[in-house]
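Residue numbers (our numbering), protein chains in the order written: chain V, 1 to 293; chain P, 1 to 282; chain F, 1 to 378.
These are calculated hints, taken from the structure and not from any lab test.
Hints may be right or wrong, so weigh each one.
Stated by the list, open to error - With a Cα cut of at most 30 Å, we get these calculated DSS-like pairs of lysine-lysine:
hint: 1; chain 1: F; residue 1: Lys172; chain 2: F; residue 2: Lys109
hint: 2; chain 1: F; residue 1: Lys312; chain 2: F; residue 2: Lys300
hint: 3; chain 1: V; residue 1: Lys186; chain 2: P; residue 2: Lys109
hint: 4; chain 1: F; residue 1: Lys121; chain 2: F; residue 2: Lys109
hint: 5; chain 1: V; residue 1: Lys109; chain 2: P; residue 2: Lys107
hint: 6; chain 1: V; residue 1: Lys18; chain 2: F; residue 2: Lys72
hint: 7; chain 1: F; residue 1: Lys155; chain 2: F; residue 2: Lys172
hint: 8; chain 1: P; residue 1: Lys103; chain 2: F; residue 2: Lys73
hint: 9; chain 1: P; residue 1: Lys103; chain 2: F; residue 2: Lys59
hint: 10; chain 1: F; residue 1: Lys59; chain 2: F; residue 2: Lys109
hint: 11; chain 1: F; residue 1: Lys302; chain 2: P; residue 2: Lys103
hint: 12; chain 1: F; residue 1: Lys73; chain 2: P; residue 2: Lys107
hint: 13; chain 1: P; residue 1: Lys274; chain 2: V; residue 2: Lys108
hint: 14; chain 1: P; residue 1: Lys103; chain 2: V; residue 2: Lys18
hint: 15; chain 1: P; residue 1: Lys107; chain 2: V; residue 2: Lys186
hint: 16; chain 1: V; residue 1: Lys109; chain 2: V; residue 2: Lys186
hint: 17; chain 1: V; residue 1: Lys105; chain 2: P; residue 2: Lys107
hint: 18; chain 1: V; residue 1: Lys105; chain 2: P; residue 2: Lys274
hint: 19; chain 1: F; residue 1: Lys121; chain 2: F; residue 2: Lys22
hint: 20; chain 1: V; residue 1: Lys108; chain 2: P; residue 2: Lys273
hint: 21; chain 1: F; residue 1: Lys59; chain 2: F; residue 2: Lys96
hint: 22; chain 1: F; residue 1: Lys109; chain 2: F; residue 2: Lys169
Next come the chains, spelled out residue by residue.
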Amino acid sequence: MRGKFSNAGERILAAIRKFLALIVMVGPTGFWLVLFVFVPLVFVVVISFMQRGDYGVEAGFSLQGYLSVFSALYGKTIGKSLLLALETTALCLLFGYPFAYCMTKAPKKMVSFLVLLIMMPFWVNSVIRIYAWRTLINDNGYLNMLLEALGLNTIHLMRTNGAILLGMVYELLPFAVLPLYNSLEKIDPSLLEAASDLGAKRHRPFLRVVLPLTMPGVFASTIQTFIPCLGLYYICNMMGGGTDLYIGQVIERQFLSEAHNWPFGSALSIILIVLTIVMMKQYTRIGSLEDMA
Amino acid sequence: MADIDAKIQAKKRRNRLLFNSAAITYGSLIYLFLYLPILIVILFSFNTSRMNLTFQGFTFDWWGSMFSNRTLLESFYNSIIVAGASTILSVIIGTLGAVGMYKFEFKLKSVLSNSLYIPIAIPEIVFGISLLMFFSSLHVQTGMVTMIIAHVTFSMPFVLITVRARIAGHDRALEEAAKDLGAGESHTFFRVTLPCIMPGIISGGMLALTLSLDDVIISAFTNGPDAKTLPIKILELSRRGVPPDAYALSTLMIIGTVVIMLSSQLVQNRMLKKRGEETVSP
Amino acid sequence: MDQPIIRLTGVCKSYGDNEVVKDLNLEIMPGEFLTILGPSGCGKTTTLRMIAGFEEVTKGQVFLAGVDVADKKPYERDVNTVFQNYALFPHMNVFKNVAFGLVEQRIPKAEIKERVQAALKLVRLEGMDNRMPSQMSGGQKQRVAIARALVLKPKVLLLDEPLGALDLKLRKQMQHELKHLQQELGITFVYVTHDQEEALTMSDRIAVMNAGVMEQLGAPEQIYNHPATRFVADFIGESNIMEAYVDSITESGIKCVMEFGDFTIRRGDYADEEMLYICVRPENLRFTAEPVAGFNLFGKIKEHIFMGSICKTIVKLPNDQEVFRTAPPSDGLLPMDSVVHLSWRPTECSILRTKEEQIYNVIESSVEMEGFDARQIL
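Sequences and hints are given; from them, build the entire structure.
Put into structure tokens, the structure is as follows:
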């Protein structure tokens, strides 16, 4: 009997020990996510329905934040921002896809070095890299010097929407290339051989085999360029003219500069959150989340 | 017949040559695009002119003067402190989480697993304003601590996911073997599990370090009046013009990061090579 | 008589509703080479893992050297395991892998060195100390895994399909080496495999498992020549299994009828109209042009298949069941499509009762050979 009793006691002890181990290991992650991700996001949702105040927000229910978002003035801002994100994504895919494709054709030994080369610019902070672009695209900068030397017309790029687009593509191209490369690299070369063996000619194996198989990668790239593009306000600040604003800049101004309208900034953020969730949901249908990171 | 064959062969070879040279040219142009601004940063750190418009002449002046630019140096130290502290914290939390999720089954596992992608997917600006409102509603003065917290929040999921990917390929029989040979729980962890997942921890840590050093937006919303990181300081300076000593400091940082990253890569690859695994890039 | 080194009494293991091991009773003697044989998913690996301590026992008890080990963690049990895919630590070289358990026991460095060298010598891997596992072939990794387990001088070595990943030739060679090693060291080996040939060559005794139940326990010859259940007859080697009913019991024996013929077996404890499985090994089945006394069975030769040292002759019975005989090709072949009569020596067939297969198991594991024989006809 005594043996049985101590046995049961030990089992309970073991269960407690296991539970404690679980809390010690997974607890910090859970705690951190709840306290610094979930709770702040709840703040965003709640504040978006509150009243504007001197220090950003005041107690009381109000839909004013959302009403401003859907006003004609900011409707145009949102439309313009989405267009910029769309253009950025299109350009990143257009330049990134062939680039990723070329990388898969590189000698095996070089590939990991080539991937490293894409990542390395991140090691220099992006503010200074974007700032350096200003030197390049200045009216009297090296780009125009080169154009003059080639006997071409100079272009005025600095402080235009074109400059913002350039900055966005520059910043986001590496994020577009990596998922594309990962999905291209996974393709078994024998599939291409099988396709040509089955009578697919010239570019047909590419269109019928490679492109469909890399669609998850294309979608992942799209998400990784489209969504961040809406938020990269400092690129708009540094490259743009500052006359008409993009959504990221408008949000920033509600918090860091003169405007101090938290409910409005939160309501605008909710739009970004909804957009993100919708795109992620679509993505999880065709690809796995692991491939995104 | 043989003649036609030879022709086809020659055509194929010509096509391949054409493709290769086109690929190399195109690839180089893209890399040039990515590295052009960095070359400018390095070049202009030796520029005699204060204006970053054209290269006027060569000088080492800025490399000397940056050490007397107190605000710049301070923000540089802040960057190092924030990056160091947040990397260490997110490596500890993320590794514990990844190992815990591998070892145990529990109810909210899939919820937790999916939640990891929230801070990754959501635009940084949303994340930044949510933390700003959170801290100021609780009357927490933003500064170094809030910045470290914010950086841990966005880099910890990356560490966890990287380490978890490493553990996924891990053979559970290794832990059983260790216990079978007489090692208790903690010895099994420190002698077998930890060394096996170390390459994942290193690359997770390097990722966290990179993200922290490069971060602008989230730091912009969580910094304090006396606690700014280098990117934030440069962002502020950029309105009036970035002085060349910032370029010199950035160049120094480029060299520093490249050395750290490459040596960590080297360590990691040596570990993997010894175990006969494929080497990786960060 | 020696005390069993391992004793399982009424051991059950279930995952939720899924019962993987059902009421297992097994005694393993010191110095014995016992093989647990069965198809994948039969519970053999689970049984091994319960002995090692990686799985908890749902019901029943496991005794190691007479002590109930329910509360003992794997690292507190005096058994060591050789894993299916070796489970060598990838970050340690051969020496460190083998020394792992000794380091845990805080043995002085000099002694560790000595014992590791001795263990490596035992598995013929001298001088490989500094190799990393990734630089070794499958066979070499296997030896390291064995040395790593043996260096701790366990009372029992558990081997979980250790040769599964090796190619055929290497597997044969390793079978012999393992058997020699076991005889040389006198350690108890509990060996799990799905390869019946491996089990027959190496073991002192074989426990055949199917669907969580131990169907038969016995020496290899016994298992092969006198399978206790239809499953064992089918799984070990090849068998012709025919169904027959007890028709009439007379002085000279029992007359059995099939759909298409009849034959007589020696008297036994069978009831009227009981259904039996008649199980004849292909090398024991005989095809003759003329009828044989006591047998009224025939079929038509359908195919001869040349297989090198033997030739397989397939005969189709009137009910479309196919039976076959294997014999050296030199024996002379009956022409295709000719009608042949089937027979066998009474000693060379096993008769299995259909209903009470399970009961025989229990009897069989406790009753001596004589008791076993009673169910065999002559």
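Hints, verified against the model:
For the hint pairing Lys172 of chain F with Lys109 of chain F, the CA-to-CA distance comes to about 36 Å; that exceeds 30 Å, so the pair is violated. At most 30 Å may separate the alpha-carbon atoms for a hinted pair to count; Lys312 of chain F and Lys300 of chain F meet this at roughly 14 Å. The hinted pair formed by Lys186 of chain V and Lys109 of chain P meets the criterion: a straight-line CA distance of about 28 Å does not exceed 30 Å. Note on Lys121 of chain F and Lys109 of chain F: the hinted pairing holds, with a Cα-Cα distance of about 18 Å set against a maximum of 30 Å.
Our distance criterion of 30 Å between C-alpha atoms is broken by Lys109 of chain V and Lys107 of chain P, whose separation comes to about 44 Å. For a cut-off of 30 Å, the pair hint linking Lys18 of chain V to Lys72 of chain F stands: about 16 Å separates their Cα positions. As the CA atoms of Lys155 of chain F and Lys172 of chain F are separated by approximately 25 Å, the hinted pair is consistent with the 30 Å bound. In summary, the hint linking Lys103 of chain P to Lys73 of chain F is supported, as the alpha carbons are separated by about 17 Å, within the 30 Å threshold.
For the suggested pair Lys103 of chain P and Lys59 of chain F, the alpha carbons sit about 25 Å apart, so the restraint of at most 30 Å is met. Distance check on the hinted pair: Lys59 of chain F and Lys109 of chain F sit about 42 Å apart at the alpha-carbon level, beyond 30 Å; violated. Restraint check for Lys302 of chain F and Lys103 of chain P: the C-alpha separation of about 58 Å exceeds 30 Å, so the hint is violated. Using a Cα cut-off of 30 Å, the hinted pair Lys73 of chain F and Lys107 of chain P holds, with the two alpha carbons roughly 26 Å apart.
The suggested pairing of Lys274 of chain P with Lys108 of chain V holds, with an alpha-carbon distance near 19 Å, which does not exceed 30 Å. Of the supplied pair hints, the one linking Lys103 of chain P and Lys18 of chain V holds, its CA atoms being roughly 10 Å apart against a limit of 30 Å. Only pairs whose Cα atoms come within 30 Å are accepted, and Lys107 of chain P paired with Lys186 of chain V is rejected, the gap being roughly 33 Å. Restraint check for Lys109 of chain V and Lys186 of chain V: satisfied, since their Cα atoms lie roughly 17 Å apart, inside the 30 Å limit.
Distance check on the hinted pair: Lys105 of chain V and Lys107 of chain P sit about 45 Å apart at the alpha-carbon level, beyond 30 Å; violated. Taking the CA atoms of Lys105 of chain V and Lys274 of chain P, the gap is about 27 Å. The hint holds against a cut of 30 Å. Using a Cα cut-off of 30 Å, the hinted pair Lys121 of chain F and Lys22 of chain F is violated, with the two alpha carbons roughly 41 Å apart. For the hint pairing Lys108 of chain V with Lys273 of chain P, the CA-to-CA distance comes to about 16 Å; that is within 30 Å, so the pair holds.
For the proposed pair Lys59 of chain F and Lys96 of chain F, the alpha carbon gap of about 38 Å is over 30 Å, so the pair is violated. Distance check on the hinted pair: Lys109 of chain F and Lys169 of chain F sit about 38 Å apart at the alpha-carbon level, beyond 30 Å; violated.
Checked against the numbered hints given earlier, this structure breaks hints 1, 5, 10, 11, 15, 17, 19, 21 and 22; the rest are met.
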